[in-house]
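Participant: Single-letter residue listing:
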Amino acid sequence: MTASTTGAPATGALAPRQGPRRIGTLARLWRDRWIYVFLLPTLVLYGLYTLWPVAASWWYSLLQWNGFGSPQTFVGLQNYADVFRDSLFWNSFKITFLFMLVTVPVRVLIGLVLAMVLNHPRLPFQRIFRTAFFLPVVTTTAIVGVVMQFVFDPASGPVNLALVDSGLRDQGIDFLGSSSTALWTVMGVHTWKWVGVTMIYWLAALQTVPRDLQEAAQVDGAGTFKVFRHITFPLLMPFLVIITLLTIEQNLQIFDLMLTMTGGGPYYSTEVIEVYIYRWAFTTSVPQLGFASAAAVIFGVMLLLVGLVQLAGVRAARRRAGVV
Amino acid sequence: MSPTSRRQVLSTLGLLAATGALGACNTAPRTAGSGASGAGAPSGGSSGGSGNLAWWDQFNPLKSLQEKTFAAFTQQGGPKVDYTVYNPNDQGKALQLAFGSKQLPDVFSLAGVGVPVTVLLQQGWFSPLSTADDITSALGEDTLLDGVHRFEDKLYSFPIFSPRQYDALLWGNSDILQKAGVDPENMPSSWDDVRAAARAIQKSGTAGILLPLKFAERMQAFVLQLAQTAGFNGVVGGSMDGIDLSTGEYAFDDDAFVQAIEFLTAFRTDGSLFPASTSLDARAGRARWAAGAAGLVFDGPYNAGVVRNDFSSLLPKLAVGGIPTADGSPAQLLHSPIGGTFWLSGQSDKVDQASELMVMLSAKEYQQGLAEAMDQPPLDLAAVASSQAAPSYKKAIAMFDEQVRVGPTPEARNPAVATALGKKAPVEPSLGTIIQGVFSGQVTDVKGALTKLSDQSSAAREAAVSQVDGASVKDWAFGDVDRSQDFTAKDYAK
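Chains as they are written, first to last, in the numbering used here: chain S, 1 to 324; chain E, 325 to 818.
In short, the hints are calculated from the structure, not lab data. Errors might be hidden in some of the hints.
Claimed, not checked - Per the computed footprint, the stretches of chain S lying under chain E, defined by three or more beta-carbons under 8 Å from a beta-carbon of chain E, are:
id : region
1  : 51 to 59
2  : 92 to 106
Unchecked claim - Derived, one-sided and incomplete: chain S residues facing chain E with beta-carbon distance under 7 Å:
id : residue
3  : Gly67
4  : Gln72
5  : Thr73
6  : Gly76
7  : Tyr80
8  : Ala81
9  : Val146
10 : Asp153
11 : Pro158
12 : Asp170
13 : Gly177
Beta carbons: idealized from backbone N, C-alpha and C, even for Gly.
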């Protein structure tokens, strides 16, 4: 054993120090004890409320279990096979991705337009507008869902009253009760609710565009569109990738709004995967926690793949932006 | 001595806070006598506990009756009762969690728990009533069935409500009906008459009828009941839903079901359906109807109790008619026996005290209180006539007495059936969801969808039965049952 491994000086107090000392694991733990003490609550809570449920879901997905009492039968991968065989799972899968494919581009585009407008130096009341567009983001989603049921009520909702009073319709549209309109209505509400976040992302991104470049272009005679096309947009490209990927992940998690606005109906037409899982876990006559967990694991893997794509996208964007 | 550093102060405070938080997180049952109740005893606990009794149910309209009963119990020397009324949607989850953490209340109803009671019994959810003799003599031997209320000769629960009931009463607002020329005293009795009345109301400026289409289970109940009035030989309730009584086979594709669904969708075709029906469940729909949004609504007898509590000005204007039948002839329905309403916890250490309290629920005074609460009809229908209940409620109960008989249930014939039901996988889409699909236009082939439902239900039942010794699909077949008579305990022995 040498002094360098024990941390003790080799040749008395007067010996010159030779580089950083290496200390043992226990000593290092003791030295950094306060770091671990302060990390402990986070680690415990993260373990309890994130890691443990994830691990438990994987285990439950291998069981036949109704959630009442103890009898749990190990069924291997049977639940996964059942989920893949269920046409309603694929229906939910399709709806989830349709929702994402429609709402992500719309949200990203509207967010950009709003940010561009609100970033204009001559726009009055900028703060008021920014607050107004961000306000739905901080409103509780479940409350938004319930209120929107009244807003889109076919008999007395303000939207339908406006349509009928203006003569555009003879009678109200059953926005949430018709399979042809329910999903699109929720998409609209979801975009309205969350576009404020995307707008903030874009506003932050716009602050990185050097104003002198834009002013130089304007001096050279470029109009607003040309400045955007040739200066602003190319500089925003790396952010477009990141913002799109963040929005994709957010738009895959729409349980609260969908449950409160439509409950997945009518007749499964708005049943995204999260509502599908909830139905099998909690609202069937006899809960099927194993089956629901299998569906949840599959959905989790799907999100993981999106996360990996996100990671690759962010790295590519950073490389493009010249950030190491 | 060196002064205390800021780090030391912070760390001490942090440790104190952590200790406090950990203490607060302790959800373990408190010991008896500390004010907690119903917890801490091993499964099948004994009777010597002290402290309050805990009681959970979902019967909001019965709240004042329950409180009155519990106060009387305490006055007679019993312990105080900690009473919680749950939202029916939440109670199942609460019970599920409470059982896992050994904190079941001493007495509870089973709202939101779809698992058959025999399965729960095997898991230790229940204790037998120690006052079985008192309860049996109060209610009568015929009311209590083996495999439903009694298991291995021990009484575990009993019904407080009558099986003579259905959900598809036709309720109306007299003012709106009269304005449309519909006689509130003689509500339409045939399907065509109801459609005509709804059209007339629509013409008079109010939506004709409101259906709680968002509540799939309630729409399913309506169709199951309407199908019987169109000739389907079935029983409403329990595990007999959609089963032909004579053969024991699932028969959702019977013409009577198709006709019942067509009857309901006809309101939309006629233009007399309240437009927001698709977004309304029973509670929201009832509130909109009571506010004058529509003239007619299908609802259970409890509508009267809710109207009295929440929309009292409407109570004198309530008009009620029996379930309409396809041809207008008097309805004759079979309803399965009502299971136990309240159950004693298998984790309770106050079984004797809780059993004493349960005896009060079998008394005549409690039945009278049930009648006046105007919720589901009391087990003793005669209590309604002499009560202070509203005339419309009395009329509804009188119709139940004439129109509904108690049908058979396979669990009472063979307890193994209940175990098999616990293993039966749910079938989706259910009848209620199919009805929603018909209204939303996604299900166009009604007969085909119902045939598929019958096939899937049969397959699920066969798979479940095959896992249980002693259970057979034949347990659901009852041959020729006299629909004008109650199917009693003696009939199971035949």
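Participant: Hint by hint, work out which the structure violates, then give me just those numbers in ascending order.
Facilitator: 1, 2, 4, 5, 6, 7, 8, 9, 11 and 12
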